[in-house]
Amino acid sequence: MKKNRITFGRICIYVVLILMTIYCAFPLIYAFFGSFKSSVEFLNGGANILPAEWDFSSYGKAWKEANFAQYTINSLIISGMTVVLTLIVGSMAAYVLARTSFRAKPALLAVLGLVMFIPNVVLIFPIFHMCQTLHLMGNIWSIIITQTASGLPFLVILMQSYMVSISKEMDEAAEIDGCSFFKKFYLIILPLSKPILATAALFAFKNAWNSYLLPLALSLSKPEIRPLTVGVIALKDMGEGISAWNIMIAGSVLAIFPMVVVYLFMNRFFIEGITAGSVKG
Amino acid sequence: MNKAVKGRRNKRALHLQMFLMLLPMLILFFLFCAYPLFYSIYLSFTKYNGFTDPVFNGVDNYLRLFRDESWWNAVKNTFQLTLMAYVIQIPLSLLLAVLVNSKIKGQNFFRTIIFLPNVTSTAIIGIIFFFMFSSYNGIVNGILMQLGLIGRPIEWLGHTFSAKVVIILLNTWSQIGYLMIMFLAAIQKIPKELYESATLDGASKWQQFRSVTLPLLGEMFQVISMMCILNGFQLFDSVKVLTGGGPGNQTSVMALYIYNYFFNSTGAQQGYASAVSVCATFITAAVGAVYFLITSKKFGQKGE
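Protein chains in written order, with the numbering used here: chain A, 1 to 281; chain B, 1 to 304.
Errors might be hidden in some of the hints.
With a straight-line cut-off of 16 angstroms between C-alpha atoms, the simulated EDC-like cross-links for lysine to aspartate or glutamate are [claimed, not checked]:
| no. | chain 1 | residue 1 | chain 2 | residue 2 |
| --- | --- | --- | --- | --- |
| 1 | B | 6 | A | 175 |
| 2 | B | 189 | A | 272 |
| 3 | B | 11 | A | 175 |
Over the 12 angstroms line for every Cβ pair with chain A, so calculated as not near, a few chain B residues [to be verified]:
| no. | residue |
| --- | --- |
| 4 | 14 |
| 5 | 28 |
| 6 | 65 |
| 7 | 73 |
| 8 | 90 |
| 9 | 131 |
| 10 | 153 |
| 11 | 164 |
| 12 | 189 |
| 13 | 248 |
| 14 | 250 |
| 15 | 256 |
| 16 | 297 |
Reference excerpt, derived from the structure (chain B facing chain A, CB under 7 angstroms, subset only) [to be verified]:
| no. | residue |
| --- | --- |
| 17 | 4 |
| 18 | 5 |
| 19 | 18 |
| 20 | 116 |
| 21 | 119 |
| 22 | 121 |
| 23 | 137 |
| 24 | 142 |
| 25 | 185 |
| 26 | 226 |
| 27 | 227 |
| 28 | 228 |
| 29 | 236 |
| 30 | 281 |
| 31 | 283 |
Hints are computed from structural coordinates only; laboratory data are not their basis. Quick reminder that beta carbons are idealized off the backbone N, C-alpha and C, glycines included.
Please put together the full structure from these sequences, using the hints given.
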């Protein structure tokens, strides 16, 4: 009856959504095109988004002179290894918490839920201190391990709630066939948990790639282990001022766009991951 | 009897496997979460600069904390920014969730782009906002001047008020899509029949929203707002990168204040910083608890 009527309400909906879309996309578009402006043009400012002349030299400078090749490799190592560690440590813990009951379990789950609310900055110095005690300081593994530890509580709960929902029939059959507790884990539960493992991996990668405070504190004494986020922002604080702006904008694009591209191709997984996490609260 | 021995052995093997599989997580948790928390509490009762050994000094740090005006200013700013974030982000993200959920074209496109900021690093986006809002080369002033809205560049980050506006713009930018998706998930869980019967009863869209959507969001609304508030209290990346607390410490927030005392290159004071940390944790927990109690009561009454 009232098919596709252009009503006042409908126009309002579009106006609000389009304005929000512009707000959300603008900084990224600005940064992307800004990184191809020449240093002079970028510093002149003005109202143009597109570069007058395409200039790729900022990337060359960032890559060679400002050590961004190293930072990019560091970011990849940190994020990649965080994913690996998170999946191994987290999936085992999630399995135990999903399939057994023991006296301390409710307390353990409650603690995992509560620690997510402790401000990160509160723990940062003792973590720094702990890494010194363990002789990890200045080693890229200090960042990987602490990044894993800081993400685990949420991801373990996420994986645990998924594993709880897997039917127990399969593991009961396997038990009759003589499978041990651990064997049931890697023969049955792990393959069935693939979707949630993918989500957890995505989260762990994203958080490690974007993390700032933790790697900032742990790379203070050794700039060679900095990831991209810390490397870009260090240029701002180094007091080279405006002369480093074009390197910073190129570095920012390097730090942001890999995630953006991955997201645009796989946005369903990101959004479903959030929704899966929210079911538990 | 043989069976009983075997059963006991199996049980022991099971317990051993359970323990070994939990162990890596427990170790990480202990080393990088439980221990740091207690170490902070211990350090908060000492005088410690990171070089010489910590010396016990009772509650001196806490006494100093109460008189530390710049700390309470940071606390005030944290409350202000969190409150603004709440007032802007919760209604806006709920509105966006409802709009994206309505029958319109390009639903997927809007949802994808509005959520996009969530995958970026807030710290890096801080740099980009810093460029956008810089006074002489920034594109925001550039556009405003070309439109003839302002005669000369505004120093966005040079004044307390406008710097806070930029911080809130950045904070909203990075949070809004995430909150929207959470609301969207909650809205989609509401049974469709309720809306159908409301339509049959002649309820308008607004009435449906008020008497079906809002009350049924109940618990999720509480969870999402709580997240928004707790995020506000952790605010660090954006402020550190955009203003560094300036001008003159006027935009400093709790987390930044603590960080500066821990890692200041000229004379860090870890003992004092720990006391401030403990105080910040209490403030965060207290606000969370108070908010939880108030909203539980409200939602409880609505349910009856």
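Here is how each hint holds up against the structure:
no. : hint            : in the structure
1   : 6(B) / 175(A)   : 15 angstroms, holds
2   : 189(B) / 272(A) : 14 angstroms, holds
3   : 11(B) / 175(A)  : 13 angstroms, holds
4   : 14              : 5 angstroms, violated
5   : 28              : 4 angstroms, violated
6   : 65              : 14 angstroms, holds
7   : 73              : 17 angstroms, holds
8   : 90              : 15 angstroms, holds
9   : 131             : 7 angstroms, violated
10  : 153             : 9 angstroms, violated
11  : 164             : 18 angstroms, holds
12  : 189             : 9 angstroms, violated
13  : 248             : 18 angstroms, holds
14  : 250             : 19 angstroms, holds
15  : 256             : 8 angstroms, violated
16  : 297             : 19 angstroms, holds
17  : 4               : 19 angstroms, violated
18  : 5               : 17 angstroms, violated
19  : 18              : 5 angstroms, holds
20  : 116             : 6 angstroms, holds
21  : 119             : 4 angstroms, holds
22  : 121             : 4 angstroms, holds
23  : 137             : 4 angstroms, holds
24  : 142             : 4 angstroms, holds
25  : 185             : 4 angstroms, holds
26  : 226             : 9 angstroms, violated
27  : 227             : 9 angstroms, violated
28  : 228             : 13 angstroms, violated
29  : 236             : 6 angstroms, holds
30  : 281             : 6 angstroms, holds
31  : 283             : 10 angstroms, violated
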